[in-house]
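Q: These protein sequences, in sequence, are chains A and B.
My numbering numbers the first residue of the first sequence as 1 and each following residue consecutively.
My numbering numbers the first residue of the second sequence as 1 and each following residue consecutively.
In case anyone wonders, no lab produced these hints; they're calculated from the structure.
Treat the numbers as computed from the prediction; the structure is a model and nothing was measured.
Treat the hints with care, as some may be off.
In silico contact screen, one side only, chain B against chain A (beta carbon under 8 Å); selected entries [as the list claims (entries may be wrong)]:
#1 Ile3
#2 Lys5
#3 Ala6
#4 Asn8
#5 Leu22
#6 Thr25
#7 Thr126
Covered stretches of chain A, as calculated for chain B (at least 3 residues, CB under 8 Å) [said to hold, decoys possible]:
#8 23 to 29
#9 115 to 122
Don't be surprised by glycine CBs; every beta carbon is placed ideally from N, CA and C.
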Amino acid sequence: MSTVANIYDNGPISPIARIKDNLSVWTSTKWLHYKIDFIEPVPRSSPMVVEMVVASGATTIAANGTIGKQIVPILQMNSNELLHLRWEPLDDVEGVLWELAGQARFSPRGAHARVSLMTGEFDPNLATTTFYIVGGTPAMDMNLAVRNPNPVALAVARFAFFGYRYVLQPLTSEPATTTWLPAQGR
Amino acid sequence: MGILKANNAGLVTTTAVAIGDLCHTLPVAAQARTAIIRKIMWYNNTGAAATLIFGTRDNVGVGAWVPLFPTINCVNGMDGELMEDELPEIEIVRDTSAGAAGTNGNIYVVSSVALILVRLTVEETTGQRRR
């Protein structure tokens, strides 16, 4: 495992920089510069699992149905914090990632890719599911929509998240060396 | 490369209809999945010997029977099962070709007598497994 990964490294997840390194984050339509004060892992575990059927107030996700996009509260961050995540469903449903409610992520011009149980079959480290959440005001919260590809209703639609949490110290100018991180879609 | 799951029609009680009883429905065509049967379990308490054949239907009307597996003999008063290593690697696909050239991709079972209990493990795939 590398000690510092590239931002979409195809191996196991690792921090994208070290403590005291600089980090430049594209968010709120501009580059914001930070020094990393602290990094800690966020292991995949039961508190990092969201059950979207309950979260949506429904009792099932209908056959071939959808749960509309909504914020996932366990992934909301404080100001000057960054969450670096990979994720997958635990049930046979597909997750659709949105930045806030309006910006599709993982989205070439003609499609909006989803994360499914099949994703981990082809990408065992879930590297292609990597995304970032910047805390603050306005918070760059993610929204998650769910699709059920099955011709039967499902009672649960769980998603597990894991990764790293970074605490950041804002810098007033662009540092000489930095890691460039596009946390926001374009 | 796929998802192992129980057949989504649940515990099937056969009715001995000629075009088969539904065992498993594939996701809609846009999801581009196929299915491979990984386990078959049955119980025959009908009082008579019986046979089972697994297959799909073509796209003629409501679908005409398309057998895919050889006949399984179900001894009266006995349960039985076939595991992954004993089953041929038959990938059941939704082929949208019209009429008898196509298949709806769902899995059905034709039984010689009614009231045989059947359950399956199905692997829904995005293509056959590379070994």
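Q: For a quick check of understanding: which of the numbered hints are violated here, in increasing order?
A: Result: hints 3, 5, 8 break, sorted rising.
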